[in-house]
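*Asks:* Next come the chains, spelled out residue by residue.
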Amino acid sequence: MSLACAIQPAMAQKSTADGIAEYREMLQDGNPAELFEMKGEELWKQKRGSKNASLERCDLGKGPGVVKGAFVELPRYFADTNRVQDLESRLLTCMETLQGLDAKKIAATPFGKDEQKNIEGLVAWISAESKGMKFNLPQNHAQEKQMYEAGKRMFYMRGGPHDFACASCHGADDKRIRLQDLPNLTKNPGASAGFGAWPAYRVSSGELWSMQRRLNDCFRQQRFPYPGYASDVTIALGVFMGVNGQGGEATAPAIKR
Amino acid sequence: MPDPMRIRAQASGDKATVRVLMSHEMETGQRKDANGQVIPAWFIQDVTASLNGKQVFHAEWGPAVSKNPFLQFNVKGAKAGDKLSVTWKDNRGETRTDEATVS
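Chains as they are written, first to last, in the working numbering: chain A, 1 to 257; chain B, 258 to 360.
The hints are simulated quantities; they were obtained by calculation from the structure and are not laboratory data.
Treat the hints loosely; a few may be bogus.
[To be verified] Distance windows between CB atoms, simulated:
#1 B/Asp290 to A/Gly65: 40 to 48 Å
#2 A/Gly19 to B/Phe330: 23 to 31 Å
#3 A/Asp80 to B/Phe330: 47 to 55 Å
#4 B/Glu282 to A/Lys68: 26 to 34 Å
#5 A/Arg178 to B/Gln294: 30 to 38 Å
#6 B/Gln294 to A/Gly206: 13 to 21 Å
#7 A/Asn52 to B/Thr274: 40 to 48 Å
#8 A/Lys68 to B/Thr274: 22 to 30 Å
#9 A/Gln139 to B/Gln302: 50 to 58 Å
Beta carbons are placed, not taken as given, at the ideal position from N, Cα and C, and that holds for glycine.
Take the sequences, apply the hints, and build the full model.
*Replies:* Printed below as a string of structure tokens:
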């Protein structure tokens with residue numbers, strides 16, 4: 001329905017990027033990601049699993065139950081699991097330890113199905129709680145620094161039948177694909193604009209894509225084998241992009257074409 | 258039970274702007290699934306809105322409206338504190354009503 005209002009005088013000087021920005025702005029007002037946010041907030045408070053517990057005591061890095069501001073500091077190191085975790089791997093930990101759900105089973109579930117659907121709602125709500133805040137990923141722990149380096153290696157690793165890396169498209173300014181500008185994910189503003197927009201609602205598929213799902217698609221586009229859900233390689237890429245985007249604003253859950 | 262809508266109604270001057278986000282698949286009935294079977298049509302057919310119980314908006318929709326539709330309209334004479342309710346009905350007979358207070 002919102003598209004009906006799109007008719008306006010043609011402007012010859014308008015660049016494609018302006019056009020896309022305008023399209024996003026138009027949709028922003030009715031971003032269906034909000035429907036997922038509503039579900040996510042409910043899920044966070046709902047008692048579920050074999051332990052019949054909610055996620056309200058889940059520690060996302062700022063103490064048990066603190067959601068506001070957690071998103072802009074993830075991925076980070078967690079002492080209880082002795083791992084660097086992103087939002088989704090951390091949610092798996094909480095769902096297993098607090099609620100008694102099977103994290104392995106959830107990780108093996110295809111995107112958009114069963115418990116993965118619940119994760120979509122949760123990440124939409126948790127990221128929305130930090131909307132407008134600035135990225136501030138910690139880099140104090142040795143493992144966090146190590147993950148940054150691992151993410152960097154992955155980002156620049158060329159391979160697959162097309163022999164390209166993330167960096168082939170996202171490692172320099174002013175690149176584009178099919179008239180769409182590509183953010184330079186090695187520095188700001190590209191890194192925060194790119195990394196800070198996911199999870200996002202994808203209009204083309206009518207689904208909410210989490211960061212893990214987005215990264216999965218990057219691997220597919222490179223014709224690499226799919227990474228495991230919430231595996232270290234995806235978290236490392238998250239650390240790399242997140243740290244590069246330091247100081248940038250989180251816009252998630254955004255709306256994408 | 259269908260998922261809830263998100264309704265925002267904001268008064269300014271002598272009118273209120275209402276923005277509604279609905280959660281619905283909106284299948285056109287023209288797509289096929291992986292096995293080549295046609296996915297049956299499933300879309301919202303009827304949308305109504307009432308202000309303090311009096312109907313102020315009615316629309317008939319078809320399969321061309323996209324998934325998770327967003328609807329925006331103005332209501333003349335709506336003031337802060339008024340009750341606004343929106344109801345949709347789809348071609349399967351499912352229906353959902355949600356309420357919001359004009360702010």
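*Asks:* Does the Cβ pair A/Asn52, B/Thr274 satisfy 40 to 48 Å?
*Replies:* holds (42 Å)
*Asks:* With respect to the beta-carbon atoms only, verify the hint that A/Arg178 and B/Gln294 lie 30 to 38 Å apart.
*Replies:* For A/Arg178 and B/Gln294 the Cβ distance comes to about 32 Å; the hint holds.
*Asks:* For the hint 50 to 58 Å, verify it against the beta carbon of A/Gln139 and that of B/Gln302.
*Replies:* holds (54 Å)
*Asks:* Within 13 to 21 Å or not, the Cβ separation of B/Gln294 and A/Gly206?
*Replies:* Taking Cβ atoms as reference, B/Gln294 and A/Gly206 lie about 20 Å apart, which means the hint holds.
*Asks:* Does the Cβ pair A/Asp80, B/Phe330 satisfy 47 to 55 Å?
*Replies:* Hint holds: Cβ distance 50 Å, inside 47 to 55 Å.
*Asks:* Could you tell me whether the CB distance from A/Gly19 to B/Phe330 stays inside 23 to 31 Å?
*Replies:* holds (26 Å)
*Asks:* Between B/Asp290 and A/Gly65, does the beta-carbon spacing fit 40 to 48 Å?
*Replies:* At 42 Å between Cβs, range holds.
*Asks:* Assuming the hint says 26 to 34 Å, is it satisfied by the Cβ distance from B/Glu282 to A/Lys68 or not?
*Replies:* holds (32 Å)
*Asks:* Holds or violated: 22 to 30 Å for the Cβ distance of A/Lys68 and B/Thr274?
*Replies:* Holds: the Cβ-Cβ distance is about 28 Å, inside 22 to 30 Å.
The structure is consistent with each of the numbered hints, conforming to all of them.
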